Amino acid sequence: MDTKRADTVAAPGRFPLRELLLFAAVLVAVLGVYAVMGPAYSTRMLVEASCYAILALGLTIQWGYAGQFNAGVMGFVALGGFCAMFFSIPVNEAFWGSELPGELGRVLLYMVTAVLVVFAATRLDRLGVPKRLRTVIAVMLAVVLYLVVINALRGVTDQIESRAGFIGGLGLPVGVGWIIGGALAGGVGYFIGRVCLGLRSDYLAIATLGIAEIIKAFLKNSDWLTRGTATVSPLPWPVPGPSEVGFTLARALYLSVTAVMIAAIFFLLSRAYHAPWGRMIRAIRDNEISAAAMGKDINKRRLEIFVLGCILMGIGGAALASFNSMFDPQGYLPLNHTFLVLVMVILGGPGNNLGTIFGAVAVYIIWIMSEPLALFLMELAVTFGEGAFGWDAPTNLDSRALQARVFVIGLLITLVLRYAPKGLLPEKVRHHG
Amino acid sequence: MNELVFFINNVVIAGSVTGSIYAIGAVGVTLIFSIMRFAHFAHGDMMTFGAFMVLLLTTAFPGAGAAIGVPTALVLLPLAMALTALLAVGIDRAFYKPLRAHGVKPIVLVIGSLGVTLMLQGLIRLFAGTGGQSLYIDDRKEIFRLALPFEGARAPVVVTEPQLYLFVITLVAVVGLHLFLSRSRLGKAMRAMSDNPDLAQASGINTNTIVAVTWVIAGALAAIAGTLLSLDVTFKPDLSFFLLLPIFAAAIVGGVGHPYGAVAGGFVVGFAETLAVFNWSVLLRPFRDSLPEWLTQAGNLAFVGTEYKIVVPFFILVVILVWRPTGIFKGKVI
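These protein sequences, in sequence, are chains A and B. Using my numbering, the letters of the first sequence map in sequence onto residues 1 to 433. Using my numbering, the letters of the second sequence map in sequence onto residues 1 to 334.
One should not assume that every hint holds.
[What the hints assert, rightly or not] Just a sample of chain A residues kept apart from chain B, beta carbon distances all over 10 Å, derived:
1) Gly67
2) Cys196
3) Ala275
4) Pro334
5) Ile368
6) Leu373
[To be verified] Straight-line Cα separation of at most 35 Å, DSBU-like style, residue types lysine-lysine; simulated pairs:
7) Lys141(B) - Lys422(A)
8) Lys309(B) - Lys300(A)
9) Lys428(A) - Lys220(A)
10) Lys97(B) - Lys236(B)
11) Lys309(B) - Lys236(B)
12) Lys422(A) - Lys97(B)
13) Lys300(A) - Lys105(B)
14) Lys309(B) - Lys188(B)
15) Lys188(B) - Lys105(B)
16) Lys105(B) - Lys428(A)
17) Lys220(A) - Lys141(B)
18) Lys309(B) - Lys131(A)
19) Lys309(B) - Lys220(A)
20) Lys220(A) - Lys236(B)
21) Lys97(B) - Lys428(A)
22) Lys296(A) - Lys131(A)
23) Lys300(A) - Lys220(A)
24) Lys105(B) - Lys236(B)
25) Lys105(B) - Lys296(A)
No lab work stands behind these hints: they were computed from the structure. Predicted model, so just to flag it, every value in this text is computed and none were measured. We put the beta carbon where it would ideally sit given N, CA and C, even for glycine.
Only chain A is shown next, with the shape it has when bound in the complex (with noise of 0.2 Å):
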C-alpha cells in the first residue's frame, strides 16, 4: 500500500486559473469604476485600496503565517497616520521661537529620570533589600514621580495650547515619517507582544483591542500634539500634488509610489515565506509543541512576526494619512480600520500574499460602492413604504443606512469563517515528501 503523499513539490505546477479569474474580476470592477465615475475618483480608490493592501499585508503575516490575531489594527494605523503628519508639516514658528520647546524638552528629562529612578529602585534587592519591601518601594516611587511628571506636563502643555496652539511639525521629507510610523507601531507592537505573546491567543485579542482605543484617546486629546478634533490639514505628499499637476496625475503618481511599495513588500515577504524562517514559522503556527520539541524559540519567532506585521500596519498608515492630506484622530473607526482590513484578509486567504492583495482590493471597491448603494435602496425602501403604507421617514435616514454596512461586514466575517475558512485563495502548504 502506497502511504506516501503525494509530492507536491515535484509535481508539474498547476495552472493558476483561479487567480487569474479572480484579478480579471477585479480588473473589470475597477474598469467599471473607471467609466462611471470618472478617472480621478477611481485613482483615489486605487490609492487607498493600496494602501490598504500594505495593512492588509501586515495583517496576514500575523494571522495567516503565525496565527495571532490583532484585533487592534487601528491603533498602529493611527500611529502611522500621526508620524506621517508630524514629521511632514511645516515648522510652527510660534512655537519654537519662544520658550517652550526647552520647557518640554525639561519635563522630557524630568519623565526619563523618573523612569530610570523607579528602573533602579526595582533592582534595590541587589543591594540586599528585602523583596518585598524593594516593591513597596518601587510602587511608592513611582506613584509619587508619575504625580510629579503628569502635573509638569500638564502644565507645559496648557502654555502650548493657549499660546502656540500647537508644537507643530518637523518640516521633513515625507518618507522620514513613513519609517518612523512603522517603527512607532513597531515599537508598541513589541510592548504589547512582550505582555502577552506567551499567553493564549485571546489575550492578544484583548490587549490590542485595548491599546487601539488607548492610542486613539491619546491622540484625540492631546491638543497640543495634534490639534485633536481640529484635524491637521494639509499634510505634503512625496510625489507633485494636485495643484501643480491636476487631480488624476497626481493621484496616478501617487498611486505608483503605494505600488513600488506593494512590489517590495509583497517581494521580501514571498522570499521570507519560502525561507527557512518561513517555514519554522508555519511549524510553530501548525503545532506549536512539536516546534518547541524541534528547539525552536517560540515565543522569540512570535515576538518576531508579530512586531514585523505592525512595522507593515504603521507604514500603511502614514502612506494613508499623506494620502487624505489630512490627520484627524476621530476619523480612525474600528470598522474602517481594523475589521474592514480583516474581512480583506479572511476573504482573500490569509497566509498567500496574493490573496490579500486581492482581498484588499476586492474588498476596498465593495467598500467603496456600498455606500451609494445603502443610500440608494434606503431611498427606494423608503418611497415605496411611503406609497403604499404611508411611513413617515426618519430624519437621520442617510446615517442610519450606512450602518447597515457595520452589519453587512459582520455577517461576511462570520460566514467566510462558516463556508470559506481559508479564503478565495487559500495558501498553498507545501508537503515535503
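Since the structure of chain A is provided, determine the placement of chain B on it from the hints.
What follows is chain B alone, placed relative to chain A:
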C-alpha cells in the same frame, strides 16, 4: 467634612455603580469562557441589546411601572432578559455551534464573535439611531439626598433611584448565581463541565444542555448589566467597545473561569477607574495649613483625566498579565 462627602459621592458610590455593572458583565464572560473556552467579544453588544429591548418595551408600554410604583424599565427587565437570553442561544446555534462542530481553534471563535459584535451593533444602530436616549420615558428619576449627621457637613450624599436598584439587583443576581452553581443539579453539572468537559460528558452530562443554559444565564446577566448602565446614564448604541476592555480586565483579574473572582475583579476595576480619575487635591484641602506650599499649589492631582479612563483597565490588565496571569484567585491560564 464636605471633602469627605465629595469623596463618598465621587468614589464610593460611583465606584460601586461601575463596579457592579462590570461585575455582572464579567460573570457572563467568565462563564462563557469556562464552558466554551473562548473570549466572547460580543458580550458588550449583548448588554446593549438588552438595554435596547428594555427601551423598546418601555416605549411600547410606558405606563406599566406606575401601577406598581417602580420605574417602567425595571418592570419590563425580566422580559428583556428573556429576549436577550433567546438571542444568545440563537446566536450560538447560528454562528458558534457550526464553528465548534468544525473543531476550529478558539481564536477563530473569537473572530466569529467579533463578527457577531458588528452585526448586533449594525442592527441596533439601524433601529435606534446613533444618539443617546433616556430609559426614563414617563417616570421621573428620583434623587435622594442624605445629609450626614456631622457638624460642618453641608453637602449631602447623593444617591439616585436607579443606583439603589442597581445595588439591590446586583446583590440578588450574585446570590442567585451562587445558589444556582452550588445547589442545583444543572449548576453542579456546569462546574463539572468547566473543570473537565470530557469527564463530564463521560459521566452522562448533556453538554448541549449545559451550553444552552450557559448562554441563557450569560444573556440574562448581560441584559441586566446593560439596562442598569443605561438607567444610570443614558442608552447609547455604541457603548460596547468601551465596556469590553474593563469587563475582560475584570474577568482576568478575578481569574478566568471563576464567577466569584469575576465579581471581585469587577469591583477592583470599577474602583480603580474612579480612584484614578478622582482629583486627590480635594482631600488635601482641609490640611492646607500644615502642608508644604508646592503640594497645595498643585491644582489637579488626578492620576488620569476622565478622557483617559480607558487606560486604567488596560493598565490593570497588563499588570495582572505580567505579574500573575492566572488572576488573583488562581483561575485557568487561557
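Broken hints, numbered, in rising order? 1, 2, 4, 7, 9 and 14
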